[in-house]
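Trainee: Input sequences plus hints: build the corresponding full structure.
2 protein chains.
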Amino acid sequence: MKNTRRDFLRAAAVTGAGALLIPSMANGAVKKKPVSKKHSLKLKDEAIILFQGDSITDAGRDRKNGEYNNTDAIGHGYALFASGHLLEKFAEKKLKIYNRGVSGNKVFQLRERWDEDCIALKPDVVSILVGVNDYWHTLDGGYKGTLEKFNTDYRELLTYTKHKLPDVQLIICEPYTLRGGGAVKPEQWYPMFDEYRKAVKQLANEFNAVYIPFQTMYDKAVKRAPDRYWAPDGIHPGLPGAKLMAGGWLKLTGLRKSGKKKKEKEETA
Amino acid sequence: MKNTRRDFLRAAAVTGAGALLIPSMANGAVKKKPVSKKHSLKLKDEAIILFQGDSITDAGRDRKNGEYNNTDAIGHGYALFASGHLLEKFAEKKLKIYNRGVSGNKVFQLRERWDEDCIALKPDVVSILVGVNDYWHTLDGGYKGTLEKFNTDYRELLTYTKHKLPDVQLIICEPYTLRGGGAVKPEQWYPMFDEYRKAVKQLANEFNAVYIPFQTMYDKAVKRAPDRYWAPDGIHPGLPGAKLMAGGWLKLTGLRKSGKKKKEKEETA
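Protein sequence lines correspond, in order, to chains U and Y.
With this note's numbering, letter number 93 in the first sequence gets 93, and the count goes up by one each step, no holes.
Add 1000 to a position in the second sequence, counting from 1, and you land on the number used in this note's numbering.
Everything labelled a hint here was simulated from the structure, so no lab data went into it.
Think of the CB as a built atom: it goes at the ideal place given N, C-alpha and C, for glycine as much as any other residue.
Any given hint could turn out to be false.
Here are the simulated DSSO-like pairs of lysine-lysine, each with C-alpha atoms no more than 30 Å apart in a straight line [claimed, not checked]:
{"#": "1", "chain 1": "U", "residue 1": "44", "chain 2": "Y", "residue 2": "1220"}
{"#": "2", "chain 1": "U", "residue 1": "96", "chain 2": "U", "residue 2": "122"}
{"#": "3", "chain 1": "Y", "residue 1": "1201", "chain 2": "Y", "residue 2": "1162"}
{"#": "4", "chain 1": "Y", "residue 1": "1201", "chain 2": "U", "residue 2": "251"}
{"#": "5", "chain 1": "U", "residue 1": "96", "chain 2": "Y", "residue 2": "1223"}
Cβ-Cβ distance ranges computed for the label pairs, FRET-style [what the hints assert, rightly or not]:
{"#": "6", "chain 1": "U", "residue 1": "60", "chain 2": "Y", "residue 2": "1185", "range": "32 to 42 Å"}
{"#": "7", "chain 1": "U", "residue 1": "251", "chain 2": "Y", "residue 2": "1205", "range": "50 to 60 Å"}
{"#": "8", "chain 1": "Y", "residue 1": "1156", "chain 2": "U", "residue 2": "201", "range": "53 to 63 Å"}
{"#": "9", "chain 1": "U", "residue 1": "251", "chain 2": "Y", "residue 2": "1251", "range": "45 to 55 Å"}
Now the stretches of chain Y that chain U is said to cover, found in silico as 3 or more residues with beta-carbon under 8 Å [as the list claims (entries may be wrong)]:
{"#": "10", "segment": "1104-1115"}
{"#": "11", "segment": "1121-1130"}
{"#": "12", "segment": "1137-1144"}
{"#": "13", "segment": "1218-1227"}
{"#": "14", "segment": "1243-1251"}
Mentor: This is the structure:
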C-alpha cells in the first residue's frame, strides 16, 4: 500500500485536498498527540528488562541459569514470546532480558527475594505478574493471607522498588483466571478473586505503571476458542495463551513495533 | 490513522482525486491482484501442520512427547514462535501443530523416518528445514555424502511426499550459516555450502513450495547486530534468531495475519 498511499498524497496535494488533510496524516503530528500512559514505555540502549512473578512467568525456566536473553533461562511462557519479540525488533539496542519468576510465589515471597532477584539486577523495566497464588493458596486453608495483606504487601513491594530504583519503569500485570479451566471452581473463586484483580489495577494507577489487563484479554479470547485451549487448568497458559499474553503485553507497553520501523514507515510514507 | 485515512478518502472523492485512486486502494482490489506463490498458503479448519528438519527445528523438544500444540513437544526454536503465533491468530481453526525435527539429521535420515514422522500424521502443511548437516558432517570426513546425493535424496523425499499426500502444502526453508558464528570457518564452508542452498531453492521451485530464504534474512539481520547475537555458533539460533526465523516464516507463508483481522480491517477502512 505504500506506493499507493504516496501517490495518493501526491495527487491529493495537487488537487488541493492535501492542504486540508496532509497535516493530520503526517507522523510528526501524530507524535504530538498526548501519549497515553499505557503506551509510554521507553527503552534506552542496553536497557535491562526483568520479568517477575509466579509460575506463569517462571514457565519451566532453568533456575540455575541466570543468564539474560537465554531461552532456557527465560522459560517457555509469555516472557519468552515477549523477549523474542523485543530482542528481534530492537536488536540494535542490546537489551538484556531476565526472568526471575518463581513457581508458587505470592507477593510476600517476591519481597523476600527482591534484593537479589530485582534490585541487584538494576533493571530499567520491571514487569510483575503476581496475585493468583495469594488467593488460590487460601482455598485449602493452608495459607492464611487476606486481601488486605495482599494489598499492603504489594504496595510495600512497589514503594520499595521505586525507592531503590527511582527511574524504573513498572509494568503491572493483572492476575486472571479462566473459569472453564480444570483448577478453577467458580463458586470458590468468584467474586472474591475479582477483588484481588481490582487491587492490582488500583496499584498500577497509584504507581503510574503500564497496566496489562490479562483478564480482559482472556475474556475476549474465550469467545474465539474454549477456555482450556488457552489455559488447560484456567491458570497456567498453554502455548496459545502464552502467545496471547505476550501479544497484549507488547501492544500495551508500546513495544510491538520498533521506533526504527516506524521511522522507516514515516520516511517511505 | 484509520479515521484520518477514511476522511482523506472521502475528501479525495469529493475533490475528484478519488476517482483515480480509490480503486487501487480498496482492499477488494488488492485481493484481485495475482497472488504471489510465496503468499499462497491456505489453512483449512483443523489443518495439521508439521515442522520437520534437524536440530534447528528440534530445538530441545521433548521427543517422548508427541503431542500437538504442546510447548515441550514443539521445542523452543523458530517452530515454537511460529506455532504460538498460528495458534493464537487462528484460534478458531483448531489447528494441530507437530514438531518432528531431530538433531543431527541429514536428508536421508528424514527419509528413513518419513513414514512414521510425516506421512502417518496426515499433515496438510509440511515445513522442512534441512541441509546444513548434509554439508557440515562431511567436513571432518565422517560423512561421505555429496551435493549430488543431497539433491537426489531431497528430490526423492519431496516426490514421495507429494505421492503419499497429494494435497499437501510444502514449505521449504533455505539452510543457512552465519559466517561470524563459532562453528563456521568460512574457508571450509564457502563457496561449497552455497551450492546446497541453491539446490534447495531450485527444489522449492520445482515442487511449487513456499520458499523461506533464511540466509537472506540473516544477511539483513547481521547489519543490525553481530552474527553471534542471532546464532552464537552460526548455525543454531539463539532467542533473537529463532524469533527472526519465525517472523520470516510467517510473513512468507502469508500467515502472519489471520483472515479475520484482515476482514475487520477492511470493514473499518
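Trainee: Hint by hint, say whether it matches the structure.
Mentor: Here's how the hints hold up against the structure:
1. 44/U x 1220/Y: Judged against 30 Å, a Cα distance of about 23 Å means the pair holds.
2. 96/U x 122/U: Cα-Cα ~11 Å, so holds.
3. 1201/Y x 1162/Y: Distance ~17 Å between residue 1201/Y and residue 1162/Y Cα, so the pair holds.
4. 1201/Y x 251/U: violated (36 Å)
5. 96/U x 1223/Y: holds (19 Å)
6. 60/U x 1185/Y: 32 to 42 Å: Taking Cβ atoms as reference, residue 60/U and residue 1185/Y lie about 35 Å apart, which means the hint holds.
7. 251/U x 1205/Y: 50 to 60 Å: Violated, since residue 251/U and residue 1205/Y (Cβ atoms, about 38 Å apart) do not stay within the stated range.
8. 1156/Y x 201/U: 53 to 63 Å: holds (60 Å)
9. 251/U x 1251/Y: 45 to 55 Å: The hinted range 45 to 55 Å is violated for residue 251/U and residue 1251/Y, with Cβ atoms some 19 Å apart.
10. 1104-1115: violated (count 0)
11. 1121-1130: Result for this restraint: violated, n = 0.
12. 1137-1144: Answer violated; 0 residues pass the 8 Å Cβ test.
13. 1218-1227: holds (count 3)
14. 1243-1251: Held - the segment 1243-1251 of chain Y has 4 residues with a Cβ nearer than 8 Å to chain U, which meets the minimum of three.
When the structure is compared with the earlier hints, violations turn up for hints 4, 7, 9, 10, 11, 12 and for no others.
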